[in-house]
Each structure stands twice: as C-alpha cells, then as structure tokens.
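All chains, please: the whole structure from these sequences, using the hints.
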Amino acid sequence: MLKYSLKRLLALIPVLIGVSILVFLILHLTPGDPARIMLGPKATEQAIEALHRQLGLDLPLHIQYFQWVTNILKGDWGRSIQLKREVLPLVLTRFKATAILTVFAAFIAITFGLLAGIVSATKQYSLWDRLLMFLALMGFCLPVFWLGLVLQVLFGLKLGWLPISGMHPPGQAGMGSIFRYIILPGFSLAVGTMAEIARMTRSSMLEVIRQDYIRTARAKGLSERVVTYSHALRNALIPVVTVVGMQIGFLLSGAVLVEIIFAWPGIGTLMVNGILARDFPLVQGAILFVATIYVFVNLIVDLVYALLDPRISYN
Amino acid sequence: MPRETEPNNPQLGADTEDWEIKQVDPKREIWRRLKKDKMAVAGGCILIVVILLSLLAPFLTGHDPNAVVTANRLLPPGTPDHILGTDHLGRDILTRLLYGGRVSVAVGFAAVTIAMFFGVLIGLLAGYYKGFFDVLSMRFIDILMAFPYVLLAIAIIAALGPGLLNAMIAIAIVGIPYYARIVRGTVLSLREQEYIEAQRALGSSDLRILFKHILPNALSPIIVAATLDVGWMIIAASGMSFLGLGAQPPMAEWGVMLSDGKDFLRVAPYISLLPGVAIFLVVLSFNLLGDGLRDALDPRLKQ
Amino acid sequence: MKGMKTVKRIAFILILGLAVLAIAGCNGEAVDSENTIVIGIEAEPTSLDPTQIVDYNSSRAAMEMYDSLIRFKDGSTDLEPGLATEWDVSEDGLEYTFKLREGVKFHDETLFDAEAVKFNIDRQIDPDHEYHDTGEFGYADTTFGMVEEVIVLDENTVKIILDEPFAPFLGNMAMHSASMVSPAAIKEFGKDISQNPVGTGPFKFVSWDPGQEVILEKNEACWRGAPQVEKLIFRPIKENQTRLTELEAGSLDFIVGIPPDDLQRIRDTEELLVLEQPGMHTWYLALNCYRPPFDKKEVRQAANYAINKEAIVNDILKGTGIRAVNLLPPLLWGYTDDVRDYSYDPDKARELLEESGYGEAELTIDFHVPESGSGMQQPVAMATAIQSDLEAVGFKIKIQQLEWGTFLDKTEDPPETNEFIMHELSWMGDNGDPDNFLYTLLCGTQWPPKGFNGGFYKNDHVDSLLLEARKITDPARRIELYEEAQQLIVEDSPLIVVDHETQIVAMKKKIQGFELHPTGVFRFDKVTIQ
Numbered sequence: 002m003l004k005y006s007l008k009r010l011l012a013l014i015p016v017l018i019g020v021s022i023l024v025f026l027i028l029h030l031t032p033g034d035p036a037r038i039m040l041g042p043k044a045t046e047q048a049i050e051a052l053h054r055q056l057g058l059d060l061p062l063h064i065q066y067f068q069w070v071t072n073i074l075k076g077d078w079g080r081s082i083q084l085k086r087e088v089l090p091l092v093l094t095r096f097k098a099t100a101i102l103t104v105f106a107a108f109i110a111i112t113f114g115l116l117a118g119i120v121s122a123t124k125q126y127s128l129w130d131r132l133l134m135f136l137a138l139m140g141f142c143l144p145v146f147w148l149g150l151v152l153q154v155l156f157g158l159k160l161g162w163l164p165i166s167g168m169h170p171p172g173q174a175g176m177g178s179i180f181r182y183i184i185l186p187g188f189s190l191a192v193g194t195m196a197e198i199a200r201m202t203r204s205s206m207l208e209v210i211r212q213d214y215i216r217t218a219r220a221k222g223l224s225e226r227v228v229t230y231s232h233a234l235r236n237a238l239i240p241v242v243t244v245v246g247m248q249i250g251f252l253l254s255g256a257v258l259v260e261i262i263f264a265w266p267g268i269g270t271l272m273v274n275g276i277l278a279r280d281f282p283l284v285q286g287a288i289l290f291v292a293t294i295y296v297f298v299n300l301i302v303d304l305v306y307a308l309l310d311p312r313i314s315y316n
Numbered sequence: 075m076p077r078e079t080e081p082n083n084p085q086l087g088a089d090t091e092d093w094e095i096k097q098v099d100p101k102r103e104i105w106r107r108l109k110k111d112k113m114a115v116a117g118g119c120i121l122i123v124v125i126l127l128s129l130l131a132p133f134l135t136g137h138d139p140n141a142v143v144t145a146n147r148l149l150p151p152g153t154p155d156h157i158l159g160t161d162h163l164g165r166d167i168l169t170r171l172l173y174g175g176r177v178s179v180a181v182g183f184a185a186v187t188i189a190m191f192f193g194v195l196i197g198l199l200a201g202y203y204k205g206f207f208d209v210l211s212m213r214f215i216d217i218l219m220a221f222p223y224v225l226l227a228i229a230i231i232a233a234l235g236p237g238l239l240n241a242m243i244a245i246a247i248v249g250i251p252y253y254a255r256i257v258r259g260t261v262l263s264l265r266e267q268e269y270i271e272a273q274r275a276l277g278s279s280d281l282r283i284l285f286k287h288i289l290p291n292a293l294s295p296i297i298v299a300a301t302l303d304v305g306w307m308i309i310a311a312s313g314m315s316f317l318g319l320g321a322q323p324p325m326a327e328w329g330v331m332l333s334d335g336k337d338f339l340r341v342a343p344y345i346s347l348l349p350g351v352a353i354f355l356v357v358l359s360f361n362l363l364g365d366g367l368r369d370a371l372d373p374r375l376k377q
Numbered sequence: 049m050k051g052m053k054t055v056k057r058i059a060f061i062l063i064l065g066l067a068v069l070a071i072a073g074c075n076g077e078a079v080d081s082e083n084t085i086v087i088g089i090e091a092e093p094t095s096l097d098p099t100q101i102v103d104y105n106s107s108r109a110a111m112e113m114y115d116s117l118i119r120f121k122d123g124s125t126d127l128e129p130g131l132a133t134e135w136d137v138s139e140d141g142l143e144y145t146f147k148l149r150e151g152v153k154f155h156d157e158t159l160f161d162a163e164a165v166k167f168n169i170d171r172q173i174d175p176d177h178e179y180h181d182t183g184e185f186g187y188a189d190t191t192f193g194m195v196e197e198v199i200v201l202d203e204n205t206v207k208i209i210l211d212e213p214f215a216p217f218l219g220n221m222a223m224h225s226a227s228m229v230s231p232a233a234i235k236e237f238g239k240d241i242s243q244n245p246v247g248t249g250p251f252k253f254v255s256w257d258p259g260q261e262v263i264l265e266k267n268e269a270c271w272r273g274a275p276q277v278e279k280l281i282f283r284p285i286k287e288n289q290t291r292l293t294e295l296e297a298g299s300l301d302f303i304v305g306i307p308p309d310d311l312q313r314i315r316d317t318e319e320l321l322v323l324e325q326p327g328m329h330t331w332y333l334a335l336n337c338y339r340p341p342f343d344k345k346e347v348r349q350a351a352n353y354a355i356n357k358e359a360i361v362n363d364i365l366k367g368t369g370i371r372a373v374n375l376l377p378p379l380l381w382g383y384t385d386d387v388r389d390y391s392y393d394p395d396k397a398r399e400l401l402e403e404s405g406y407g408e409a410e411l412t413i414d415f416h417v418p419e420s421g422s423g424m425q426q427p428v429a430m431a432t433a434i435q436s437d438l439e440a441v442g443f444k445i446k447i448q449q450l451e452w453g454t455f456l457d458k459t460e461d462p463p464e465t466n467e468f469i470m471h472e473l474s475w476m477g478d479n480g481d482p483d484n485f486l487y488t489l490l491c492g493t494q495w496p497p498k499g500f501n502g503g504f505y506k507n508d509h510v511d512s513l514l515l516e517a518r519k520i521t522d523p524a525r526r527i528e529l530y531e532e533a534q535q536l537i538v539e540d541s542p543l544i545v546v547d548h549e550t551q552i553v554a555m556k557k558k559i560q561g562f563e564l565h566p567t568g569v570f571r572f573d574k575v576t577i578q
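First to last, the protein sequences are chains V, X and P. Just add 1 to the spot in the first sequence (first one is 1) and you have my numbering. Just add 74 to the spot in the second sequence (first one is 1) and you have my numbering. Just add 48 to the spot in the third sequence (first one is 1) and you have my numbering.
Keep in mind the hints are simulated off the structure, nothing from the lab. Ideal Cβ placement from N, Cα and C applies to all residues, glycine included. Fair warning: there could be bad hints in the mix.
Unchecked claim - Computed footprint of chain X on chain V; a stretch qualifies when at least three of its residues, placed anywhere within it, have a C-beta under 8 Å from a C-beta of chain X: (1) 141-147; (2) 153-160; (3) 292-304.
Said to hold, decoys possible - Listed next, the in silico DSBU-like pairs over lysine-lysine satisfying Cα-Cα at most 35 Å (straight line): (4) Lys97(V) to Lys235(P); (5) Lys574(P) to Lys266(P); (6) Lys124(V) to Lys109(X); (7) Lys558(P) to Lys159(V); (8) Lys166(P) to Lys498(P); (9) Lys159(V) to Lys279(P); (10) Lys239(P) to Lys85(V); (11) Lys556(P) to Lys97(V); (12) Lys396(P) to Lys345(P); (13) Lys85(V) to Lys266(P); (14) Lys345(P) to Lys366(P).
Shown next as structure tokens:
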C-alpha cells in the first residue's frame, strides 16, 4: 500500500508541472502587453519597462516560466494589482472560507444522500423510493445559482430566518459563529451532490443485493437488516466513494457561484472579481492553488478507494 | 467471455453489416425500448417543444426581446399582452425566454459537439496508436482533469476574456477529457480483438478500421454521455453568464436574465425565477432522455 | 449485528455533530452591537490609504481614520480648520503658509508635524521620493499637480509654493487625497500601508478581513474629541437586494445603494430611517470627440436629443435622482440652467444625424458600460435604455460591459489608443468648486492620461475661460466666467448629462445625529446610538 501511494504521489509531479504551465500561459495567451494591462493606462513607460524587467517579460518564454515557478516555490506569488496585497496570504485566507463551505456541503450531501439512497434501495418501488428518486432527479438538474437565489428569497426575504450574506456575524471570527451563516449557502451547494450520491447509492446497492453472496447470506438465515447493512452496504459503498471523489470537483465549482450569491468571502469571489479586473497575478495564484489542492484531494480519494476495494491490487 | 462476442449486444448494433445473423433490427429494438420508457418520452417531448418554441419565437410573439419600454416595467405575469410579465426595463419576459432558449440550447449543443469531436479524435488516436501520442495526450487529459470543472472554464476565460463565444469554447474544452477517456478505453479493449486483427490482415486501412469497426462500438456510451452533457453545458454556460463571464447584457440569454433580476427579487422575483425554471426544464429533459437512452442501449444496466 | 451498530453509530455521531454546531452557532450570536454600527457597502475597499483611493466605496470605509489640514464643515463644502489652525495666502496667490495644530498624534503615537505634511505631499508627486513606489496615487495630479515645492519652516509651520495661481487650492487641501498618513507607518509597512492604515482621525484601524469586513474602533485620543460610537464595521456586499434584506433582518445598521423600487417600502418602515439629499453628483455619457462619429457636433447633439432622460429618471431611477441639464450640480455655486435645452426630441435627432452625413458604418458604435461602480446608479439598466433610444433614431449600439476597475483604467487611455467611443460615467465633486467639474472633465488640457476629460473635448474659447477662472480669486468674476463656459459647453454637447443622484442611505433609527455630506463621505464622529 505504501509503495502504491508513493507511486501515485510521484505520478502527480508531471500533472502538477502541466497545471503550472497552463496557469502560466493564462497571462501569455492574453492579447496585448501584460505589463500594460496590469499597470493600467496611467503607468509611465519607465514603470512598464520596470515591470517587464521584474517579471522578465523580455526573456524567452521557457526562462520566464522557470523564474515564475521558482518564485512560486519560494513562496513569492506576486502582488494583486487590484487589491494591492500579497497574493499567497490572500489566497490562503480566502481558500479557508471556501474549504469550510465545501466540506460542510460535502458532509450534508454524503449524510443525506446515503440515507436517501439506502432507504430507496431497501424499499424499492415503494412510495418512498419514488418520492426520493424524484426529488433526487430534480436536485440533480437544478442550477446551483438559481437554487441559491430561491433559498435567499424564501428564507432570507420572506421568512427572515437565516442570514443571507457573509460568513460570520459582524465583528466576529470564531468557528462557532459560522453555523447560521453556512446553512443556506451550504445547502444550496450540497443539493446537486446529494442527489447524485442518493442515485448512485441506490443503484449500487440494488446491484449488490442481487449478487450471489447476498443470496447466500439470506439463505443462511441472516436477518434482512444485517444483510442490508453489513453485507450489502459495505460493498455498495465502493462505487459511491468514487462518485464522492468526482463530486468534489463539482462542489468546488459550485462554490464559485454560491459564494457570489451569498457574499461568502471565499476564493471564488476573489477569482471572478480578479478576472473581471484583469488582475493576473491574483487569478493565476488562485487557480494554481485550487488546482493543486484538487489534485491532492483526488489522490486521497483514490487511496481511500484502493483501501476499500480489496479487488484493486497495489502493485 | 468478452461482451463483444455476445450476439445480442446492442453496443454492436450500429455495425449491422457484420452482424447480419441477428433476427431483430437493433435500432428498431432500441427505439422500441426507448418508447416504452415513459420518463424518457416525456423528456424528449419537452425538448422538442422547447426547441420548436424557440425556433418559432418570431412567429409566436410580436415583441422584440430587446425593446426597452420603461413605462411598462415590472408588469406582473398574467398581464394581457405580457403573459409572463415584463422585466425591469419593460421587456417582455416570455419573448426573452423564447429567444434565450435559442442561445442556451444552441450553446449547449455546440459545446458538446466540439468537446465530442476533439474528445473522440484524441481517444481514437491515443487508443489505436498507443505509444508516444497516447502518453502525451493522456498526460494532457490528466492535466485538464486536474482542474475542478468550472474552474478550468474560468481559467480559460481568464485568458480569452469574458464573452459568450469564449465561455462556450471554455466549457467545450472542459468536456473533452470525458469523451477521450470513454473512446480510448473502448479502442484499447477492441484493438487486440480477433476480428480487428483480421481486418488488419485483410489490408483494411487504419482509418477504415477506426471509423468502420472500432468507433461504432464506442457509440452508445458516447451518445448517452453527450445527451446528459448538453444539459450540463447549458447550466455551465448560463452559470458563466450569471457570473458576468459569459453572454453579456442585454442579450436575451437565460443566465443573463437570471442575473438581471437579482436586484428585483423582492418586487418582482419572477424576473429571476422564470429563466431558472426554463434552465431546469431543459436540463431535466436532457437527463430523462439520457437515462432512457442508456437503459435502451444497454438493458442489462436497468434496475 | 456489527453492521447495524456501525450505521447507528455513524448516524449518532452525525446528529451529535450537527447539534454541537447548532449550539455553538447560537452562542456565537452575542454581538456587542450596543455601540457598534455595521455598515453595508457596495464592494471590497481597494485600499485604506487615502492617497491611493480613487472611489467612494473605499473612501467611505477609510476616511474616518484621517484628517487633512483643512476640512469641510459638516453638511457643506465650506472650509474650516483641520490639522492646520490658520493659513495665509500671499498676494500673488502662489504661496500658502499653514500653521499646524500642536500636539496631534497619529494612531501609532508618532507626532504630526510639518515634516509629515511635506512627506505626504512629496510621496505623491515626487517620483524620486524614497516612498513614491509605495503606491499608485490616482488623485495626485488633481490635488497637488500645481504644487511646486513644500517647505518646512519650523516644526509647526509649512509653506506650499504653487507654480501658478490656483483659486480652488484650499478646497483641494480638504480632499481625501490630502489626508495625512503617518510617515512612520509608511516607512514601516511600505506597500502594505494600504492594509495597515494609520491616521489622526476619530476612528482607528482594528482589522481587515478580506472579503468579510473592515473594523475600526474609536480613537480616544482624537484631537476633535473622542466619538460616541465604539466600533464601525464595514461589510462589502455586492448585491443591492442582499444588503437591503440584511438591513431589514437586522444584521446591518446602515446601508447604501437601495434599489429604487424598494425605496418607498423602506421609507414606510417604522424602525428605519431614510436620508435623502442631493449630492455633488452628475451621471453622464462621455462622447469621444476625437473620432467619428462624435467628432461632429451634429451627431453629439443628435444623441443628446435622442435620449429620453426624463424617462430614465422617472422609470428606472424612480426619482432617486433629478434630471440634469448641465454638468454642474445645481447646489454648486456658479450653476446656470440658462443653456441649450435637450429635451427628448427624436425627430430633431434624426434631422441632425441626416445633416451630419454619417451613415450606418460610422453610426455603429460600442457603448462601454461598467457592470457596477460607485455613483453609477443602475449602469446596465440605464445603458440599455439609452441604447434603445439611440437605436430608434439610427445609431447601432453594442453594449460592452466591463468590471469597474478595468473600466476606469480604460477611460484613462490616451486618445490614440482609447477604445471608448461612448461610455457612461459619473462624477462626484471633490472640493466644492465648479473648477472641479468643468476644468477637470472638459478642459482641453485635461485629456487622458493626464486628466479626466475622457471624451477628448477641446474648445479653445472654453479652455481660456476655464483657465482664467482658476487663476483669479474674485468670486463674482469667476461666476461670470463659469456661466459663459457652461453655455458654450452645452451647445457643443461633448457630454450627455442624465441626472444628479440624490444621496440615499437607510439606517436603523437607533443611529442618531448622522448627516449626509455633499462630498459623499460618511461622518460618524458626532453620531450617537440610542
């Protein structure tokens, strides 16, 4: 297992290099002189030249890339043009908010998705099954940004139950104060994933239930519950884990939209504003950061998958 | 036993020439199964209605989707002559929904077509020729897949600049890896098969083998994936517009309309809610149709 | 039975987790809201260093931390002593000597003195100054462009020498960009001064949590006397509707940017107070006189006649602004409405277009619009209305939307590379002088990138009037000059003025004694909380 993990870890290196090249190219694929775009029209020719030298824009592309990567590795991620701040600390703070939102949404989605899937599968073709699967289908198709607005109108505007913007009550910062603030954005974000997990759990369990060893277990006289939970669920979970892993990408993506709607101080808001403001150092930093995190999260999901499924050999 | 040799495997259905021993025409069989699936039929019907409505928009409504009549602003749904009301600039919402459907559905189809074209091409070549091209293209696919979906689209838009066309290109690129992987997998499993070997021995060109004998076997997963994908692409494109990175106002596009209505959620929530319902319906129908197609193409998967 | 137990255990842990979170959530609610004002603003401030601020959104969050040598009186643009107790202007209008208030300390306990004044001005205008590269000073030229030299006479006396007489200079010394920042802090933080602001004002900086909030607390040692309010918290919330809802729900105490369609309901709400006051604001379209089609006066006039400004003010803005006939806001001295009347007249517009001889090729233009921005009211809605009015008389208009920062940058491109043929913009007066509108936005010497004449308007006669008016000090003569200039300008129609926005804020009734200021910044130093 350790050997397998190391192998997978090593395989990440070319991917990360590729990612960094893509992110690096964002700046260079843009038409126009990046320095002029970054400094704005008020910049003097000297300032533009200075930035050219500073960013090495007059050097060959591969040397520029090398310098850029060296700086990134040294922790120098450049400075945001618009917000006049160091990119790395900014990205770290804002990503923390996104991570909290995403993890919370994943938690809700997995909990309720699994529950709904199990209920549906064990009571196949019952009213519950039909209702839950209908809801799952709906949830699967709802655009997350629309759902966010609807929840805002309903719980914020009409009922006034929950706050609809920000992450903390004004002037507070502790984790304890997040809960009321995270419910609406977290739920908006979770619905799609929850639906997908419920559908996957159901079909995966139904498939497992038909397998021979389950029939054997039943034949041995084990109670239906034991069969369901002990034998079926464990094996049915394997494909579900894959789905959960894939859904992390959807969650991080959806977070961008949800953050804008609920003024959640995450990295999505930062990124979109950065693009609209042509703030390249900021956009590059934010995208590179999220992609790197995502690559590692995927690795972890794969390793968990390998642990769960005895059929995968590590060598 | 490899599934390719099972006589009634519908995956081989399109390749009728080689399988004339079959009693039933598989296409007809698939169609029969699809027709029996009520949900899929419902999805297909909604879809046809939506496409017809948006294509016929100029004949169905006398309004111009972009005509601003400030005196008519924020009329509620049910107003004579404005069945779904008007927005904050007095534009007829029904008209904008119909015209918006053209844009959204067209963008969805176009993005999927682009993604499918390049994905299939890369998958075929990588799987068939293996070697250097395979390694290179699969690394590239890995890199694309290292970004969360929307994030990759956002990164591409960051380079190209906001706009509907750029947003479409971006989400199309995001879709490529999926198709490339499906096709490559199928090709890898088929290329060593006896009948492919036989074709090669008979002197068939690579091109003929690829498109005549291998591609048809990958068709059903591609069709299912593409159908489901159109819905996803529509959501993604309107999401980009919602963020201000895709279609730009005043274009009648569902994401733009949704975004336009944000300032009026209290006095006129329908401005935002209606385009959302439209997106939902279309995506739902693509999903129903896609699920139905999958079951029809491969009945063993059906529960 | 093992499996069953596991499921139950997991369910139990999950439920317990949720419950703990819920309880923790409730405990977190104890806000010390007693003496705090939570203010919803439109966007994240870009900087808290006043010399680098170019937008109202940022200055609203920052300006309570600073003072300048001269300040505007509460509620007007009349001047009163600030960090300078008295001043003296030489006969020729070139030398200004300021006597500084003694014993004033910055929030970092360093002393405010004449060296600090020199440091702050030189930092902005002298490219060789050691700390010039600690920021980008968008207002430096407007505020101090005429300054030749700053001389420290003694610890508490400073003399500023101008290179030409400049009548509104004292007003400039009250502008946000003339605020005094602690030199020690600039030396310590360098470029990061914009997140670590240190001034002398009634509130001092506590924290800035990016995307979340900026927190200020009262400065007990303020030379003007400590304010009543303990804390100010500024929350950036982009969506107008969300901000409004948060006010009604009680999590915000004070907001800007109320959607016009909701205004009446808020006015009718018992616990809320709406303040409305016309400000020094003008919303206009800048037409690029440097290039076709707006290089022809007929086309500019045609566009002006074609746009139904009345309808925009009544139907889109719902009366949150007043119809403008002139670039100057009516509350400013020197204003005249005795100018050419461009009331809605599409037929006349078509005639003028006919006369101009331009065809469809020239009349097909991009219209650049910011997606939001301070003072822009409803930029997209208004642009769409304008687009449809213009298309009705024969223009072909394509709206191009840009983010506010990018948009502002592009307005400042030099004429040769400036891609804006027509763009919308608003201007809010800085120093309470007509010069700040007419000279800054329309004088032929103020073309970008030097100044803000984004339409590249140049009329030699107008230029001579504006240049003379800024040199002389006799108010009556200046009024005459400005009135004549306005008539010429409106005839030429380089800008299409649409409205003057009413400043509107809504707040909880517990906030007492808040007054709007014509310059648009917020003053909380005399506010009390009931």
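Right, here's what the structure says about each hint:
no.: 1; hint: 141-147; verdict: holds (count 7)
no.: 2; hint: 153-160; verdict: holds (count 3)
no.: 3; hint: 292-304; verdict: holds (count 4)
no.: 4; hint: Lys97(V) to Lys235(P); verdict: holds (31 Å)
no.: 5; hint: Lys574(P) to Lys266(P); verdict: holds (12 Å)
no.: 6; hint: Lys124(V) to Lys109(X); verdict: holds (27 Å)
no.: 7; hint: Lys558(P) to Lys159(V); verdict: holds (24 Å)
no.: 8; hint: Lys166(P) to Lys498(P); verdict: holds (23 Å)
no.: 9; hint: Lys159(V) to Lys279(P); verdict: holds (30 Å)
no.: 10; hint: Lys239(P) to Lys85(V); verdict: holds (8 Å)
no.: 11; hint: Lys556(P) to Lys97(V); verdict: holds (33 Å)
no.: 12; hint: Lys396(P) to Lys345(P); verdict: holds (14 Å)
no.: 13; hint: Lys85(V) to Lys266(P); verdict: holds (26 Å)
no.: 14; hint: Lys345(P) to Lys366(P); verdict: holds (31 Å)
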